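Undergrad: Take a look at the letters that make up each chain.
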Amino acid sequence: MILNIENDLHRFRNIVRGRVRRDLKKYMGSGELIGKQGDKFVKIPLPEINIPRLRYGKNSAGGVGQGEGEEGDKVGAAGQEAGDQPGEHELEAELTLDELAEILAEELELPRIEPRGKKNITTVRDRYTGIARVGPKALRHMRRTWRQALQRQLSTGTYDPAHPVLVPQKDDFRYRSWNSKNEPQSAAAIVYVMDVSGSMGKEQKEIVRMEAFWIDTWLRANYKTLSTRFVIHDAAAREVDRDTFFRTRESGGTLISSAYKVVDAILTADYPADEWNTYVFQFSDGDNWSSSDTKLCMELLAERLLPRVNLFCYGQVESEYGSGQFIGDLRDAYEKDERVVLSRIADRSAIMQSIKEFMGKGR
Amino acid sequence: MTLADEFDRHLRPGTVSVSGGGAQGGGASASADILDVDRLGVSLRGLRVTVPGRTLREAVGALPEAVGRALGEPLVVTEVAPVLGGAVLRSPVDRQDREFYEVRTDGEGASVERWRVGEEGRERVPFTLTRKDLGRVVKGLGAGGG
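Chains as they are written, first to last, in my numbering: chain D, 1 to 363; chain R, 1 to 146.
Note that these hints are calculated values from the structure, not bench results.
All figures in this text were calculated on a predicted structure; none of them were measured in a lab.
Ideal placement from N, C-alpha and C gives every residue a C-beta, glycine not left out.
Among the clues, some could well be false.
[Said to hold, decoys possible] Some chain R residues near chain D, calculated using beta-carbon distances under 8 angstroms:
id : residue
1  : Phe-100
2  : Gly-118
3  : Arg-122
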């Protein structure tokens, strides 16, 4: 019976995975999963199929239009209080972020990332590799215990091969014990940069939010330690928290160089290039204020940012006014540079392709 | 004679720059890249009017009404950047030809251009106005100035 349940559970999980895989593009474009993300799990909403059932009702109930009300009466009783019973819930299945990243990788054919720096980043991990003479019953190491009992009986001459009975005594018991070990870890830092100037509308921000979620999911699956920082800018840039990043809308003009200066300061202060795998994801509509600022951006990129990063990804999100010139300027300057990836995001349906472009290099 | 009148007098294909406009011109000047001119209308690629002494607040306050009416499309302030001393105003994108006007103002003046939204980005396109409306646009771009 248990076997059947396990089979069913396995089958159910496969259905969920298949469904997520099939509808990945839809999920990527709807932002449906973003609000349902925990630390390790994502809740996937699944449509519930209500199987029709026959129900016995009261024969005296009459029919449509046969109730007690008079013509012109308002529908619904006035003064009703809020209900205290639970409502119907959408069926949700849980997937781990790793599973989601795996599906993402399979569907987009993303290569695994080859981490660059891991020099000084270490984490202490406890592993049950040791043996102790004391410990809780739950950690009793049976094989070592029996072996100890055998050794003792052999050495004291109480072991009879013709009648092999081992009786462990208190001193024979062995327990698993942990050893703490410093392990080098691949660590990654992502800096998200978003243009929040007046020309970036609500829809453009929503696209950035969804794309950032999937990028985060993928990079979390590849790095044990992931540090995420957020920078917003219009004519001036500043570092903000995640919530502010996705909610802020300003009306100022666009000076992209201001953001590059803040990113440079963050990388310099906290993420040395030989220790961290650093990613910068910038999103803008590409309407930089002036060509002189674009020139300054190119200088900052070449001298300050690109030498330190694994990848510099620039996503140009289109608005109703189309797409600005900045992506063209970047293309002219860095078309052959492997560290720079450019992507045009026309609308929500382009998010999937954009992530493929960004992460497809395996850097 | 106003700057608009003076500008109209000098209209011809090519780059046209007119400054002054007499006592009423207030030291303003106008320049445009004219493609074609006839008795009634003008086809041009862009127009810029410099207005000395106008603040950003004055420009943003005056431009939507004065220029939007002359262009025949409402202008909305898209970006205002006091740090940069400028602002960007745009008209709604026309559904048919996917074009819109963009008016930029900075510390020295204001300019108007027309853009077409294409698959591969945005391209600047010529636009056509009657000579009368062009005069209004020149006047509008200089509106709010000293």
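Undergrad: Against each hint, give a clear statement of whether it holds in the structure.
TA: Outcome of the hint check:
1. Of the supplied interface hints, the one on Phe-100 of chain R holds, with its beta-carbon coming within about 6 angstroms of a beta-carbon of chain D, less than 8 angstroms.
2. With a cut of 8 angstroms, the hint placing Gly-118 of chain R at the interface with chain D holds, because the nearest CB-to-CB distance is about 7 angstroms.
3. Look at Arg-122 of chain R: its Cβ gets to within about 4 angstroms of chain D, closer than 8 angstroms, so that hint holds up.
Going down the numbered hints, you'll see the structure goes against none, and every one checks out.
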